[in-house]
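Just so you know, the sequences run in chain order A and B. Those letters in the first sequence? Residues 4 to 640, per my numbering, in order. Those letters in the second sequence? Residues 44 to 375, per my numbering, in order.
The hints are simulated quantities; they were obtained by calculation from the structure and are not laboratory data. A quick note: this is a predicted structure, and the numbers were derived from the prediction, not measured. Heads up, the beta-carbon is just placed ideally off N, CA and C, and yes, glycines get one too. Mixed in with the good hints there might be a few duds.
Computed list of lysine-lysine pairs in DSS-like fashion (alpha-carbon distance at most 30 angstroms, straight line) [said to hold, decoys possible]: (1) B:Lys102 to A:Lys231; (2) A:Lys56 to A:Lys155; (3) B:Lys91 to A:Lys155; (4) A:Lys585 to A:Lys474; (5) A:Lys236 to B:Lys229; (6) B:Lys255 to A:Lys398; (7) A:Lys41 to A:Lys56; (8) A:Lys104 to A:Lys155; (9) A:Lys343 to A:Lys332; (10) B:Lys91 to A:Lys558; (11) B:Lys229 to A:Lys41.
Derived list of chain B stretches under chain A, where covered just means 3 residues or more per stretch with a C-beta under 8 angstroms from a C-beta of chain A [what the hints assert, rightly or not]: (12) 97-107; (13) 124-133; (14) 218-225.
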Amino acid sequence: MRIARRSFLIGTGAALVAPRLGFAGVGTLIDSPALAAKVTAGELPPLAERLPKSPRLIEVAAMGRAPGRHGGTMRMLMGDQRDIRMMTIYGYTRLVVYDDKLELAPDVLESFEVERGRVFTLRLRAGHRWSDGHPLTAEDFRYWWEDVANNKRLSPGGPPQAMLISGQPCRFEVLDEVTLRYTWAEPNPVFLPAVAGAQPLYIAMPAHYLKQFHPRYASKEELEQKIKTARVKDWGSLHERFSRQYRPENPDLPTLDPWRNTTSIPAERFTFVRNPYFHRIDENGRQLPYVDEVTLTIGSSALIPAKTAAGDADLQARYLRFEDYTFLKGASKRMNFEVKLWKRAEGASFALMPNLNAIDPIWRDLNRDVRYRRALSLAINRRDINRVIYFGLAKESGNTALPESPLYDAALAQLTMTPDLAEANRLLDEIGLSKRDGEKIRLFPDGRRLEFTIETAGASTEETDILDLIKQDFIAIGIKIHPRSSQLDVFRRRILAGQTIMSGWTGMDNALVAAEMEPDALAPTSPAQFNWPRWGQYFESGGREGEAPTIQEAKELVELYRGWRHSTTHEERREIWQTMLKINAEQLFTIGVVNATLQPVVIAKALRNVPDNGLYSFEPGAFFGRYMPDTFWFEGK
Amino acid sequence: MLKYIFKRILVMIPTLFVTSVLIFTVINLPEGDYFETMVAEMQAQGEKADMSRVEFLKKEYGFDKPPAERYFWWVTGLLRGDMGYSFEYQLPVRDIVGDRLLLTMIVSFFTIIFTWIVAFPIGIYSATHQYSWGDYGLTFIGMLGLAIPHFLLALIFLYFANIWFGTSIGGLVDPQYLNQPMSWAKFKSVLEHLWIPVIIIGAGGTAGMIRKLRANLLDELQKQYYVTARAKGLPPGKALRKYPLRMALNFFISDIGDILPSVVSGAEIVAIVLSLQTTGPLLIRALQSQDMYLAGSFLMFLSFLTVIGVLISDIALAILDPRIRLQGTATK
């Protein structure tokens, strides 16, 4: 059976179109003036020789934006040196990427083909080069697979999970210099999404550069010298240190991203300059990115709203919260920037997470009773919360897919979301909690009060404000809660240990889901899921730690998830997703309160092409990444 | 005297040993380690942490070994001048601290000078003009500096410095000078930013110093020898400088012990609020994320400076004031 899925058809289709439009379609190529001196001096080949034979054509006007011109420095603020990985995320250059319809499309790749969900043939663009001018070839993929992923020292746990199906690795073949094939015995639906992720799986590394750190290629003396200079333990640490692609701390490491880092650590300000070999051009033949330079200034995250208001950033959303909006808006009148509100894409900006693995048996059994969870959900007056905290701008919804997602189901999003105190009280009575004390608080059969603490990580006052409102709602059905904020580490450990009965946290990180994405957030798969941490731990550790799920629905979710991991067709995956979303909405394993809350985005007035309305999410949007910051440009600069 | 100094130096060794054990224990007390903190932070943002990778890193940095063994490696490393490795920055601790030390010293140096310049005249004036309007007024201002939380002052200063003078918010230089070698333009930019932290950090210290100087001086001013000197016609300024002021300075010398570590660590909270690139925020961040070698080695460095500082002030005191006994014996 040969199945070419819709998304992949579009992917390959686009790639077939690109070369035709390639050079012939766009006429002359336009290089950035910033590089002109170098080209004239002969330090850099002319643009036509730097671009792949078939560059990726980005039709900026067709995206409803204005084609731009080169130049300028885009300033951003970050709170931590590790945040330089944001450039890898914002740059969003991957072998394959999610396009605006959330379908997978080739980016660095010229095209790809998938047969029976298990044979992946990837074709590179001929003449594509790393940022240092060295060609990107199949050798870079071979190097990663053979000398990194399958090297005992560099990957003691073996190749990454996405490269294994039922524990079996793929067969890797180099068909020719630009064609590769990965073959698994069974379908591997995780492979391409992993490569396209905001935090991607890198399956290619600049071999020509990294070989100097690898004992298979470098001479012993040279290696020892390098180990000494870098003051690391052995060649493994050396290779690890200089090969980080996600966090581009090594300015010498060649990259495929639009901008490359030029500053070594430690530093307070990182300068990223344009990658002269970047493979995208606009319809006028201008090489992207438009902006020549991006700077990241590192400071304390608490000061970033103030610094942004002082006009220190050209594009900023990280470390800005909705509560900063009025302040920023006020400052924008004096300064040269505008503040837009984007929508956040979590399944729930705030959700209650009943801990189904709480140690206390009474609370655990109660949390596991779906009638109790429904009663809680029916008691929450989401409309008031939305109005009081978010000026009515958020959406009252369960923790599920957003309307922008192809898997959105309005009925599921509204299931048990409308307040109904009578029904909530009836459910609680039915459970057997009908006795109340003098304060009208319900009592367990053993006389304990239905009174507990809801913990939050204490990241913002927003959470405690919401809980204060919920507290009133719960009193009305005879439940007393005490909101308590702590610190992220403590919070997480208490939950995993089962000491927390209920917590407040964000829902699904990614609610812009599509059938091709992994539905791991909907089943107990990770100890970071605060509603069933020990079940998640059980799954993640392969049964070595944690506990096996005991609730029928949770078991079913695990089975569905496993089914997805082995699925072959788009339809099959879609069906699994829908079933999982349905079970989650009906069972209310997480009780969503509001979603689609707003994220302030500060944009310099001169900066063009940043959408007024966007979706702000890490996965799959890569924050700004999906809107291609390489197409942003400065007017009049 | 030499024997005394030698003894004092010998005592420092067990002190530092106990300190190192304490530091190591306290840093290891919270459950988990840096890697778990890192995983938690990554997950909070939606990123996935590769658990096998975390296991690998833990092994790489010896977290599978018992604490005693790790302590041993850390301490022997310190003796060899190796301050260990920072997980967060993925660099040797020395490389990280080095950069920030100079700026910290600049800030602290100016702060100390500021404190002295302000506190001495005020302290002397308030003591010699006790209960006058000037005494009350100046002491009141000093007290304000002590009473207002530093971080609050810092925020207010930041806001107005930006609105009125256009000083960029946070940091010690304008962003364009970051990562640049020191130049005249950069130095000017540092001076432009420096006065905010100096005044804020200095405010509290100034008040304390005024109070101490005033109280000590008042004690001396009532003593017989001063009264006699004045009665015999010695001009008030000279009489003051020659005797009571000197006697009142003991506290100042013993404070030197604290100055050394504070020169290096800077005022942590203010530095965080003002986003200064000094060592303070580095240390706090390291403690938060359990970046243990960075935090531990830095704390150890500070304890070392404290011990040295106390030694210096002890010696200085002994020289300044012969009444202080070198040997703690023979008191009946």
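Now the hints, each set against the structure:
{"no.": "1", "hint": "B:Lys102 to A:Lys231", "in the structure": "holds (21 angstroms)"}
{"no.": "2", "hint": "A:Lys56 to A:Lys155", "in the structure": "violated (37 angstroms)"}
{"no.": "3", "hint": "B:Lys91 to A:Lys155", "in the structure": "holds (23 angstroms)"}
{"no.": "4", "hint": "A:Lys585 to A:Lys474", "in the structure": "holds (28 angstroms)"}
{"no.": "5", "hint": "A:Lys236 to B:Lys229", "in the structure": "violated (38 angstroms)"}
{"no.": "6", "hint": "B:Lys255 to A:Lys398", "in the structure": "violated (60 angstroms)"}
{"no.": "7", "hint": "A:Lys41 to A:Lys56", "in the structure": "holds (22 angstroms)"}
{"no.": "8", "hint": "A:Lys104 to A:Lys155", "in the structure": "violated (40 angstroms)"}
{"no.": "9", "hint": "A:Lys343 to A:Lys332", "in the structure": "holds (9 angstroms)"}
{"no.": "10", "hint": "B:Lys91 to A:Lys558", "in the structure": "holds (23 angstroms)"}
{"no.": "11", "hint": "B:Lys229 to A:Lys41", "in the structure": "holds (29 angstroms)"}
{"no.": "12", "hint": "97-107", "in the structure": "holds (count 4)"}
{"no.": "13", "hint": "124-133", "in the structure": "holds (count 3)"}
{"no.": "14", "hint": "218-225", "in the structure": "holds (count 3)"}
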